[in-house]
Amino acid sequence: MNDSPLNRRKFLSLTGGAALAAGLAACTGTGDDSASAPAGGSGNGSKELRLFTYEDNSTIDLVKAQVKQFDAQNGTTTTVDSLPGSGAAVYPDKLRTELLGGKGPDVWRIWGGQIGAPFVKAKQAMDLSSYYTKFGWDAKLNQAAVQGMTFDGVKGGVPFIVNGLGSWYSKAAFDKAGISAPPKSYAELEEMNAKLVAAGITPAGLGGKYGWDIMRLFEYLLEVSAGPELHDKLLTGDESWDRPEVVTAFTNFKKWQDQKWLPNGAVALDPADVELWYVQGKAAYTITGSWTEAQGIQAANKKSADFGVFTLPTGHTPERHSGFVEGYMINAKAGNPDMAAALLDFIVKPETQKALKVTSSAITGAEPDKATLPLSYEYSQSAGKQPFYTIQDQAFPKKQADQYFAVQSDVLQGKTSPADAAKKMQDVIKAWDKS
Amino acid sequence: MTTVLMPEATIATTHTPPKKAKGGLSTTVVMTLVALLWISPLVLLIITAVRPLSDFVANGPLSWPSTFTFQNFADAWNIGNFATTYRNSLILLILKVPLGVFVSAMLAYALAKLRIRFGRTIMYTVFLGLTIPIYITIVPVFVMARSAGLTDSLIGLIGPYLAFGIPFEVLVLQSFFRQLPDEILEAARIDGAGAWRIFLTIVLPLSAPALVTVFILDAVATWNEFLFALILLNSDAHKTIPVGLLNFQGQFSNNNTGLAAGILIAVVPILIAYTFLQRWIVGGLTAGASKG
Amino acid sequence: MAVLTAPRKATRKKTRHGGLVAWGFALPALLVYAGFLVYPALSSLWFSFTDWDGLSAGYNVVGLDNYTALPSDPVVRQAALNNLIWAVVTVVAPVVLGLVLAVILNGKVRGKPVLRLIFYTPAVLPLVSVASIWGWLYNPEYGAINAALRAVGLDGLAQPWLGQDSTALGATMVAAIWLRVGFPMLLYLAALQGISADLYEAATVDGATRWQQFWHITMPGLKPAHYVVIALSVIDSFKVFDLIYAMTYGGPGTATQVMGTWMYFNVFQYNQAGYGTAIAVVITVVAIAVSIPYVRSQTKEHA
Chain C
1 MNDSPLNRRK FLSLTGGAAL AAGLAACTGT GDDSASAPAG GSGNGSKELR LFTYEDNSTI
61 DLVKAQVKQF DAQNGTTTTV DSLPGSGAAV YPDKLRTELL GGKGPDVWRI WGGQIGAPFV
121 KAKQAMDLSS YYTKFGWDAK LNQAAVQGMT FDGVKGGVPF IVNGLGSWYS KAAFDKAGIS
181 APPKSYAELE EMNAKLVAAG ITPAGLGGKY GWDIMRLFEY LLEVSAGPEL HDKLLTGDES
241 WDRPEVVTAF TNFKKWQDQK WLPNGAVALD PADVELWYVQ GKAAYTITGS WTEAQGIQAA
301 NKKSADFGVF TLPTGHTPER HSGFVEGYMI NAKAGNPDMA AALLDFIVKP ETQKALKVTS
361 SAITGAEPDK ATLPLSYEYS QSAGKQPFYT IQDQAFPKKQ ADQYFAVQSD VLQGKTSPAD
421 AAKKMQDVIK AWDKS
Chain S
1 MTTVLMPEAT IATTHTPPKK AKGGLSTTVV MTLVALLWIS PLVLLIITAV RPLSDFVANG
61 PLSWPSTFTF QNFADAWNIG NFATTYRNSL ILLILKVPLG VFVSAMLAYA LAKLRIRFGR
121 TIMYTVFLGL TIPIYITIVP VFVMARSAGL TDSLIGLIGP YLAFGIPFEV LVLQSFFRQL
181 PDEILEAARI DGAGAWRIFL TIVLPLSAPA LVTVFILDAV ATWNEFLFAL ILLNSDAHKT
241 IPVGLLNFQG QFSNNNTGLA AGILIAVVPI LIAYTFLQRW IVGGLTAGAS KG
Chain R
1 MAVLTAPRKA TRKKTRHGGL VAWGFALPAL LVYAGFLVYP ALSSLWFSFT DWDGLSAGYN
61 VVGLDNYTAL PSDPVVRQAA LNNLIWAVVT VVAPVVLGLV LAVILNGKVR GKPVLRLIFY
121 TPAVLPLVSV ASIWGWLYNP EYGAINAALR AVGLDGLAQP WLGQDSTALG ATMVAAIWLR
181 VGFPMLLYLA ALQGISADLY EAATVDGATR WQQFWHITMP GLKPAHYVVI ALSVIDSFKV
241 FDLIYAMTYG GPGTATQVMG TWMYFNVFQY NQAGYGTAIA VVITVVAIAV SIPYVRSQTK
301 EHA
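Chain order of the listed sequences is C, S and R.
Just so we're aligned: 377 in UniProt numbering is position 377 of the first sequence, and the numbers increase by one with no gaps anywhere.
Just so we're aligned: 179 in UniProt numbering is position 179 of the second sequence, and the numbers increase by one with no gaps anywhere.
Just so we're aligned: 195 in UniProt numbering is position 195 of the third sequence, and the numbers increase by one with no gaps anywhere.
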């Protein structure tokens, strides 16, 4: 990261890359011609902003309407571009290319943890500490969520969503298997699974096509066997993975597949399909977030009252669940960062959050609507207030996460023993530490 | 010896076998069965397109629909913003494909018949274009488009689209052009025809099946091109069909019924066009031209 | 033999180069091609000698480190092997099937336009839909394929096709064949139009069977088409990316990683753009090497 200018020039003169030079210079701000051209989306003090997001068809109009309101109050013109899809999809590719090409958005939405981290590490996203002070965001936002947008001590983003994962289940399936109440301990959960299998019902509808989804089970098993403190140290690489607690978690993980508590061939199933199995009566429950109430249960024309949600019991205090954060970042080269920050402050106001119909807002005073989304409301008032551990696909950089998923896949297929899996994980984490 | 060499004389006597009236009944039956098997996965797509989303979410993709609806198509038309994306994709197709096929044909002609200097070097360079993974070029291409002020513009796509279509088109066309007998071109030259006249009045008409084939393949590739369109276009007003199809995705769940309907809306025109164009490949419609 | 020597003479006479006229024909395509493809590709090439993360402004030059690291990356070895298997299967099967279909659909069958449409349709579908459709078909619990196996009493063969390392690549290749048959079929159909019908009539008069006609008239007549179809298919198979990415995401684990997907993961998802670019360079070099015989055959005076 240090001797680059010289080498870059050499390279550019070799390839005669004038256009590329312009682009890279625009990103770095070190090139000769960057002074003349605005590097970010807009010029200094500009009244024009561009916001890039991944809202889908159901919410994009809400966002546009709110942004329009902001524009009306501030005399700005904000363009909203959206590219719907999930974290595994094309949105980060597009964002990265625009930033490298020197035409990035002023403000963009992004997932927290290691998905957002590279943008801050590469200094494409601005350090927002001064705006945290100016707008008093620390007081308004969920502190755990702010942590999810803090990278090596740099507040690189403003979180507005904290998605906590719970176990969403079908009451009909529980009735059929003679289960009267959700489990209170891991042992009870295992008993419950056995009852469901005996009743001919697949317990947990989870799939691992992209690695994620099925890891929600593994991280829970790890929380159970390791407990909060050790779990966190494992995630940061401060403790070795080659230890009995991890082996236990892998052993249990394999047990879930062997006992048919997971669908057959779960590692290759598309989570978008499998997550709905508890709604379809093909599985009893899944591990997911509050979005499933609107996009799963209610989208299938079913009643929330026929379903329920419980926190997976860990047997530890505090009783944590898995969670992840989404928020906004500001382009380090934004022409008018003050205005961009004002836009973010507008977005994280409780009124705006309500108008955006955010079901798991990181802002207090923006709970989901009790009448239309009773289960989400219930969740936000109970487990939603509990601390959470970072979901594993955001706890590690993508490369380590993928290696992790590969180990999980090997365990489920019986190709790696739990003990070897723990060793392999330690190698993965060690290699990450070094880099 | 003659039988082996004759096929190189590509032209002229081509025509469909006379009156296929009967015959091939058993072949027809076998082929029909194979075709049904071949197309069967698509039944899933069609069924998904004609059931309500709630039914799909409630019962999964592999169940028989409880009710049928055509509402998905109307909804998909709006969600996918097809009124706009259709227009944009069509504009691109019309601007790009004929131009691409034509300049590729010119280069192919130079390689196959004009004995261009460094022909072999050019061929290797053209192969280079086929083999390069597109992904590593997107940042430089984006930077070029930005310098030219052509991001978020259909015009900005034409350059990269042409460039990435050229290698394939050139290789196929030069292979076909090489089969044209030199005698005919030589005769025309002796009659005083220049290179351009020979190209336009002899080479192109005689190669109609190859040109149409390349045209179809290039049109399909252009219609479905996703990566450059994704990277270079931003606003809804400029998006093409494949980028518009992303509107059916969500962060946590997909509108699968809408997507299925959207895909059908997207591919049906290209299939209709193919049905018409394929007659130019095999239908003997070229016979008249070959008298040249 | 007179026939054989005649064209030779003709070509000898004009071994002189086409000169400016030829360049006039070649330049428009070459300029566009150089500007929008060769230049961006070459300017990316440099990054394979750096440790660029794909997002930061700076990087260090690391010489050939990315290249020397390739052989010791277990995923690269897996991907190279997968690519090889993939290349053999998805070249041979579609080309053979495409040839058979083209010959049949050029002959006496009814409903040819419809049949030609059906076999070409998969090639037109967006890959998102191909991945979803095959994902549903392969679903271990509810998928049509296992259902069909159970229906005919082969319960033992029903398995999670995409969900285990042993079958995932094969299952993906089946979808690839389905997808790709249309391409060789179309090119062969076009090439078949170049074979004079008189040849077949003469052969029929001589009492040659259909089989003999195929081997002695059709196959030699399609020789140039074979070259181009195989060359393009081989290159396509080396570059395979989208289908695997959409169907298996390289999984389970890394069981279906190929060089194309591994390049993508490194450049875009792992913030190892330098290393990923090195993989891209290797893919290109291998594919170019494979194309050498083809280019030589095409640039000889007479093949």
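Don't read these hints as lab results, they were simulated from the structure.
Please note that the accuracy of each hint is not assured.
[Said to hold, decoys possible] Example chain R residues on the side facing chain S (calculated, C-beta under 8 Å, incomplete):
#1 A22
#2 A26
#3 P28
#4 G107
#5 Y120
#6 P140
#7 Q213
#8 F214
#9 P224
#10 L232
#11 V234
[As the list claims (entries may be wrong)] Simulated DEER-style distance windows between Cβ atoms:
#12 A419/C with A151/R: 36 to 46 Å
#13 L81/R with G200/C: 46 to 56 Å
#14 A371/C with A147/R: 22 to 32 Å
#15 V92/R with R87/S: 53 to 63 Å
#16 P74/R with K260/C: 46 to 56 Å
#17 Y124/S with R210/R: 53 to 63 Å
#18 S153/S with G200/C: 55 to 65 Å
#19 S153/S with D155/R: 38 to 48 Å
#20 A199/C with S63/S: 15 to 25 Å
#21 I230/R with D238/C: 49 to 59 Å
#22 R189/S with G170/R: 32 to 42 Å
#23 A151/R with S26/S: 24 to 34 Å
Note that the Cβ used here is the ideal one computed from N, Cα and C, for glycine as well.
Cross-check of the supplied hints:
Restraint check, A22/R versus chain S: the minimum CB separation of about 4 Å is within 8 Å; hint holds. Against a cut-off of 8 Å between C-beta atoms, the interface hint on A26/R holds, since the closest Cβ of chain S lies about 4 Å away. Here the hint on P28/R is kept, as its CB sits about 5 Å from the closest CB of chain S, short of 8 Å. Interface restraint check for G107/R: the shortest CB-CB distance to chain S comes to about 7 Å, inside 8 Å, so the restraint holds.
Below 8 Å, beta-carbon pairs count as interface contacts, and Y120/R has one with chain S at about 6 Å; its hint therefore holds. Taking 8 Å as the C-beta cut-off, the interface hint given for P140/R is violated, the closest approach to chain S being about 12 Å. Checking Q213/R against chain S: minimum C-beta separation of about 10 Å lies over 8 Å; hint violated. Nearest Cβ of chain S to the Cβ of F214/R: about 13 Å, over the 8 Å cut. The hint is violated.
Annotation: interface hint on P224/R holds; nearest CB of chain S at approximately 5 Å, less than 8 Å. The interface hint given for L232/R holds, since its Cβ lies 7 Å from the closest Cβ of chain S, which is under the 8 Å cut-off. At about 10 Å, the closest approach between the beta carbon of V234/R and any beta carbon in chain S exceeds 8 Å, and the interface hint on this residue is violated. With their beta carbons about 42 Å apart, A419/C and A151/R fall inside the hinted range of 36 to 46 Å.
For L81/R and G200/C, the hinted distance range of 46 to 56 Å is not satisfied, since their beta carbons lie about 41 Å from each other. The hinted window of 22 to 32 Å between A371/C and A147/R is violated, with their beta carbons roughly 42 Å apart. Take V92/R and R87/S: their Cβ atoms lie about 42 Å apart, and the range 53 to 63 Å is violated. In this structure, P74/R and K260/C break the distance hint of 46 to 56 Å, their C-beta atoms being roughly 31 Å apart.
The hint said 53 to 63 Å for the Cβ distance between Y124/S and R210/R, and at roughly 40 Å that hint is violated. Checking the proposed 55 to 65 Å range against S153/S and G200/C shows it holds: the Cβ atoms sit about 58 Å from each other. One distance hint, 38 to 48 Å for the beta-carbon pair S153/S and D155/R, is violated here, with the actual separation near 57 Å. Separated by about 21 Å at the C-beta atoms, A199/C and S63/S satisfy the suggested range of 15 to 25 Å.
With their beta carbons about 55 Å apart, I230/R and D238/C fall inside the hinted range of 49 to 59 Å. For the pair R189/S and G170/R, the beta carbons lie near 55 Å from each other, so the given range of 32 to 42 Å is not met. Roughly 27 Å separates the CB atoms of A151/R and S26/S, a value that falls within the hinted 24 to 34 Å.
In this structure, the earlier hints numbered 6, 7, 8, 11, 13, 14, 15, 16, 17, 19 and 22 are contradicted, and the remaining ones agree with it.
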